Amino acid sequence: MSGKHTIRLTVNGRQYEAEAEPRVTLVDFLRHQLGLTGTHVGCEHGVCGACTVIVNGRAVRSCLMLAVQADGAEVITIEGLSEDGRLHPIQEAFAEAHGLQCGFCTPGFVMSAYELLTREREVDEEAIKEVLGGVLCRCTGYKAIYESVRLAARKMGKLPA
Amino acid sequence: MVSKAEWHLPRSLEELPVSNPRYIGKPVRKVEAPPLLTGKAQFVDDLDLPGMLHCAILRSPYGHARIKRIDVSAALELPGVVAVVTGQDMQQWVRPLGGIPSGWGTHCLAVDKARFVGEPIAAVAAVDRHTAEDALDLIEVEFEPLPAVVNALEAKEEGAPLLYEDKGTNVMFHRLFTWGDVDRAFQEADHVLTEQFRWHRLGANPIETFGVIAQWDPVENAVTCWGSFQAPSFSAMGIAGALGLPLSKVKLVPMAHGGSFGGKGNPRGALIAAVLSRKAGGRPVKWIEDRLEYLMAGGGQAWERFYEASIAVKNDGTILGIRIKLVDDIGASGENSGAISAIKPLAAFTGCYAIPAAQYEVTMVATNKNPQSAYRGMGPPAHYVVLEQIVDMAARHLGLDPAEIRRRNFIPPDRFPYTIPSGNEYDSGNYPALLDRLMEMSGYRELRRQQEQLRREGRLVGLGLVSAVEPGAFNMNVYTILGVPAGTAVPEGATVALDPFGSVRVTVGFALEGQGQYTFVTQLMADYFCVSPEQVKVTCTDTLSAPVHFGPGGSRLAVALTGAVLGAAETLRRKLETAASYLLGCQPGEVELMDGMLRVKGQPERKMSWQEVVGAMSARPDLFPPGTDLSTQATYVWVPPDRNMPDEQGRAKSYLTAAAACHLALVEVDPETGKVDVLKYWVVDDCGTRLNPATVAGMTQGGVAQGIGAALMEEYVYDADGQLLTTTFMDYLLPTIYEVPPVESAEMVTPSPFTPLGVKGMGEGPMISAPAAVICAVNDALAPLGVRVTDVPASPARVWKAIAQARGQR
Chain U
0 MSGKHTIRLT VNGRQYEAEA EPRVTLVDFL RHQLGLTGTH VGCEHGVCGA CTVIVNGRAV
60 RSCLMLAVQA DGAEVITIEG LSEDGRLHPI QEAFAEAHGL QCGFCTPGFV MSAYELLTRE
120 REVDEEAIKE VLGGVLCRCT GYKAIYESVR LAARKMGKLP A
Chain Y
0 MVSKAEWHLP RSLEELPVSN PRYIGKPVRK VEAPPLLTGK AQFVDDLDLP GMLHCAILRS
60 PYGHARIKRI DVSAALELPG VVAVVTGQDM QQWVRPLGGI PSGWGTHCLA VDKARFVGEP
120 IAAVAAVDRH TAEDALDLIE VEFEPLPAVV NALEAKEEGA PLLYEDKGTN VMFHRLFTWG
180 DVDRAFQEAD HVLTEQFRWH RLGANPIETF GVIAQWDPVE NAVTCWGSFQ APSFSAMGIA
240 GALGLPLSKV KLVPMAHGGS FGGKGNPRGA LIAAVLSRKA GGRPVKWIED RLEYLMAGGG
300 QAWERFYEAS IAVKNDGTIL GIRIKLVDDI GASGENSGAI SAIKPLAAFT GCYAIPAAQY
360 EVTMVATNKN PQSAYRGMGP PAHYVVLEQI VDMAARHLGL DPAEIRRRNF IPPDRFPYTI
420 PSGNEYDSGN YPALLDRLME MSGYRELRRQ QEQLRREGRL VGLGLVSAVE PGAFNMNVYT
480 ILGVPAGTAV PEGATVALDP FGSVRVTVGF ALEGQGQYTF VTQLMADYFC VSPEQVKVTC
540 TDTLSAPVHF GPGGSRLAVA LTGAVLGAAE TLRRKLETAA SYLLGCQPGE VELMDGMLRV
600 KGQPERKMSW QEVVGAMSAR PDLFPPGTDL STQATYVWVP PDRNMPDEQG RAKSYLTAAA
660 ACHLALVEVD PETGKVDVLK YWVVDDCGTR LNPATVAGMT QGGVAQGIGA ALMEEYVYDA
720 DGQLLTTTFM DYLLPTIYEV PPVESAEMVT PSPFTPLGVK GMGEGPMISA PAAVICAVND
780 ALAPLGVRVT DVPASPARVW KAIAQARGQR
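Note that the protein sequences, when read in sequence, are chains U and Y.
Each step along the first sequence adds one to the number in numbering that gives the first Met the number 0, with nothing skipped, and position 141 is 140.
Each step along the second sequence adds one to the number in numbering that gives the first Met the number 0, with nothing skipped, and position 702 is 701.
Check before you lean on any hint, since a few could be wrong.
Unchecked claim - Result set (DSSO-like, lysine-lysine): computed pairs, CA atoms no more than 30 Å apart in a straight line:
id: 1; chain 1: Y; residue 1: Lys-679; chain 2: U; residue 2: Lys-128
id: 2; chain 1: Y; residue 1: Lys-800; chain 2: Y; residue 2: Lys-679
id: 3; chain 1: Y; residue 1: Lys-25; chain 2: Y; residue 2: Lys-679
id: 4; chain 1: U; residue 1: Lys-154; chain 2: Y; residue 2: Lys-39
id: 5; chain 1: U; residue 1: Lys-128; chain 2: Y; residue 2: Lys-674
id: 6; chain 1: Y; residue 1: Lys-674; chain 2: Y; residue 2: Lys-248
id: 7; chain 1: U; residue 1: Lys-128; chain 2: Y; residue 2: Lys-39
id: 8; chain 1: U; residue 1: Lys-128; chain 2: Y; residue 2: Lys-25
id: 9; chain 1: U; residue 1: Lys-154; chain 2: Y; residue 2: Lys-25
id: 10; chain 1: Y; residue 1: Lys-324; chain 2: Y; residue 2: Lys-278
id: 11; chain 1: Y; residue 1: Lys-606; chain 2: Y; residue 2: Lys-674
id: 12; chain 1: Y; residue 1: Lys-278; chain 2: Y; residue 2: Lys-67
id: 13; chain 1: Y; residue 1: Lys-679; chain 2: U; residue 2: Lys-154
Since the hints were derived computationally from the structure, they do not count as laboratory data.
Since we're looking at a predicted model, the values are computed, not measured.
Based on the provided sequences and hints, a complete structural model is requested.
Okay, here's the thing in structure tokens:
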């Protein structure tokens with residue numbers, strides 16, 4: 000438990016170096032060591048998906064990954080999507096299609112959609128539903144989230160209009 | 000000048016000082032969205048204060064046990080641990096929590112006895128959460144396990160293990176309410192049908208758990224708490240009462256929070272963190288509840304009910320009376336507000352129906368479980384599952400379609416305002432029109448024909464059609480029945496400030512929670528003062544500086560906050576009109592605000608902008624006669640008008656608005672597994688004037704999702720010793736996108752005659768109706784087998800058992 004490890008990783012294109020005990024999860028490391036509090040903790044046992052971030056191109060539940068496992072990795076969090084206040088097309092779509100209420104789970108949905116829409120050349124509605132099926136939202140009942148991601152897919156040229 | 004008697008808040012959008020509203024009533028984008036979408040919104044766990052410590056809580060592993068000894072010495076020696084508290088400290092520094100029903104509160108850390116698994120026993124503040132949790136392992140507690148009682152029907156009997164020996168009983172509250180001549184109604188009925196129902200424990204489970212940072216100020220003898228408080232001013236009252244401080248010494252700073260649904264009201268965390276901070280010399284102490292703690296001991300368990308219900312009907316389907324007996328398993332104490340849920344149905348006891356007589360027997364029982372909390376809908380969701388099912392039973396018995404029996408019993412549209420037997424007054428409504436619209440939209444007749452066809456093919460397809468009234472703009476008056484020491488009103492205040500450059504700043508006392516209230520305030524103020532939404536800013540402030548307020552809860556803010564901001568805006572309008580009359584050289588009373596301009600009535604060319612008037616009011620007092628009110632800011636506190644105290648049968652004008660809805664669910668039951676799929680879902684609702692239709696649509700879809708979870712999936716399960724078996728989201732199941740179909744919805748608008756702009760509360764409504772619709776659909780699907788599921792949730796196991804029972808009988 001004791002003894003700290005030095006972790007070097009890239010988050011949102013910027014290099015970080017920080018110390019953490021081996022038992023520190025990636026999400027706690029991002030939030031409390033690096034100050035990137037946009038990624039949220041909902042259940043800490045890998046079910047709700049609120050803590051989803053991108054690690055080396057894949058969507059990961061950062062509550063189930065230890066910070067030391069991310070040594071040398073390239074990580075993208077919700078903070079990495081917008082630039083100087085300009086929303087990413089996925090974020091823009093969520094704003095437009097009312098895809099959030101309390102917004103706590105939203106980074107998990109946005110990052111899950113981000114993986115899908117940056118990985119695939121083209122997506123269909125079933126693929127969208129499958130990705131969203133892994134994240135829990137207690138406010139919206141999912142309809143507006145689904146519509147938001149469809150809209151984002153169209154904005155990004157991944158789903159025929 | 001307008002005299003006070005004539006003054007009222009605008010009753011409709013047409014009465015606003017704008018010819019063509021551009022924002023209010025339209026599906027405007029949420030102003031709350033950008034910070035939430037970019038990770039910039041600040042939730043309590045995002046806050047890191049200098050010198051901050053982290054709290055971990057040691058919890059009871061037993062459902063019922065005497066605490067014989069606690070030794071914290073080893074924990075205190077662990078490097079990094081700064082303070083430890085036990086029940087003894089709490090006895091010294093904290094009063095027991097008040098409790099509803101009154102007298103059933105307890106301490107925030109167990110003293111002498113633990114009464115549920117997860118009850119806080121001791122707590123540690125350390126330099127980080129890991130160290131604090133390590134220290135918990137070093138605390139020695141000697142427990143003497145006692146027999147636990149986890150079934151309310153057993154707990155209420157004599158000889159059951161007592162949670163509080165000094166009370167001599169586990170029965171917390173018992174009352175029989177009788178409204179109208181119920182005995183006669185049942186004697187004169189052609190048919191009486193009776194059934195027992197069971198609603199199992201479920202709860203709010205917002206994706207963010209509760210969290211708080213408390214900082215004791217040893218110099219001022221005061222405390223500041225940053226936290227995910229739903230109703231900050233009420234939480235402040237509870238914390239002040241427990242700590243023995245005046246409200247002036249308690250500052251709550253509400254943070255943006257990740258949903259609440261009533262499920263964040265447990266007061267223990269804030270008190271524990273506050274006392275730890277005091278022991279730590281005033282260093283801030285952060286406590287973030289983890290999901291296990293939330294499921295086990297947080298504010299997330301509600302309504303666990305045993306019902307027996309009877310309906311008295313005539314041959315033509317006329318309902319003469321209903322009797323409902325409720326035994327409610329409140330859990331280990333009245334520290335949360337769960338008990339209110341058993342009384343709230345008084346506000347809409349007979350639903351949409353003109354039922355002349357009713358009886359309600361309520362027994363609340365203490366058991367060794369997590370004390371019940373609030374949850375969206377606060378009781379009526381379970382009540383309507385019972386009411387709508389007995390109406391369906393009567394329909395089936397009489398050979399009437401569920402739509403037809405409802406139509407025959409609806410309160411006629413010309414009878415509003417309408418007083419129901421349990422005393423509340425419904426403001427307005429048109430229930431037959433709702434039903435017509437639902438049947439038309441869903442193609443109800445055709446669905447019934449298709450159902451017949453599918454039944455012939457052996458498929459178990461069901462339709463659940465329900466109607467329900469959602470009591471809105473809640474009031475405390477009726478809860479004096481439970482000893483709640485509150486006045487008869489729940490206020491909401493807002494401050495509106497104008498500046499000469501055209502900005503409109505609004506200050507409120509509650510934080511972002513998801514319902515889009517800042518958005519509708521922005522819409523409303525942008526139209527009222529004819530500015531762009533970018534010029535309106537809504538800010539939340541702490542309980543010491545905020546206007547008097549309650550915050551979201553009980554389907555109230557659309558009504559109450561509209562009242563507050565319009566009251567402030569109208570006060571400003573009158574000031575501007577008076578000031579402008581001097582500047583325009585006419586008499587006060589000859590000037591009116593319209594489209595952002597102060598203009599002389601009948602002479603539209605004599606006008607100036609409100610910004611110019613505000614500029615003059617701020618900088619040129621010499622232009623006005625002495626005594627002119629030149630303040631360009633106003634605060635207004637809205638309270639629900641015309642409320643009264645309950646009579647000897649609990650009858651009172653309680654909730655101000657009565658939104659209504661008809662829901663229809665189409666489900667299919669898999670006969671092999673008992674799994675229920677909700678295939679389609681329709682809603683027609685009437686919540687009066689809609690401030691933002693997109694928000695209403697979102698709340699509707701989300702409420703239906705929670706209703707589907709309640710009806711089919713969500714359940715806290717305890718074993719016979721009071722051990723909670725559902726301690727993760729793998730066991731306590733929340734609906735995913737796969738369980739929730741997109742809701743097809745339509746709106747009707749019957750404005751409230753009693754509220755600003757004719758708005759009605761609607762936040763809970765979809766959750767109030769949806770469980771009933773789904774359960775009625777399941778039982779409609781099972782009807783050909785001659786069986787019914789009377790337990791909620793209708794989990795696959797329960798449905799499968801009912802089907803097996805039917806097959807065994809054949």
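Do the hints match the structure? See the list:
Restraint check for Lys-679 (chain Y) and Lys-128 (chain U): the C-alpha separation of about 17 Å stays at or below 30 Å, so the hint holds. A distance of roughly 25 Å separates the Cα atoms of Lys-800 (chain Y) and Lys-679 (chain Y); the hinted pair therefore holds under the 30 Å criterion. Distance check on the hinted pair: Lys-25 (chain Y) and Lys-679 (chain Y) sit about 27 Å apart at the alpha-carbon level, within 30 Å; holds. About 24 Å separates the Cα atoms of Lys-154 (chain U) and Lys-39 (chain Y), which keeps this hinted pair within 30 Å; it holds.
Pair hint Lys-128 (chain U) plus Lys-674 (chain Y) holds up; C-alpha atoms about 21 Å apart against a cutoff of 30 Å. Distance hint between Lys-674 (chain Y) and Lys-248 (chain Y) is unfulfilled; the C-alpha atoms sit about 54 Å from each other, more than 30 Å. Between the alpha carbons of Lys-128 (chain U) and Lys-39 (chain Y) the distance comes to roughly 27 Å, so the proposed pair stays at or under 30 Å and holds. For the proposed pair Lys-128 (chain U) and Lys-25 (chain Y), the alpha carbon gap of about 29 Å is at most 30 Å, so the pair holds.
For the given pair, Lys-154 (chain U) sits about 24 Å from Lys-25 (chain Y) by alpha-carbon distance, which is consistent with the 30 Å threshold. Restraint check for Lys-324 (chain Y) and Lys-278 (chain Y): not satisfied, since their Cα atoms lie roughly 48 Å apart, outside the 30 Å limit. Distance restraint check for Lys-606 (chain Y) and Lys-674 (chain Y): the Cα-Cα separation of roughly 68 Å exceeds the 30 Å cut-off, and the hinted pair is therefore not satisfied. For the hint pairing Lys-278 (chain Y) with Lys-67 (chain Y), the CA-to-CA distance comes to about 24 Å; that is within 30 Å, so the pair holds.
For the proposed pair Lys-679 (chain Y) and Lys-154 (chain U), the alpha carbon gap of about 29 Å is at most 30 Å, so the pair holds.
Consistency note: the structure conflicts with the earlier hints numbered 6, 10, 11.
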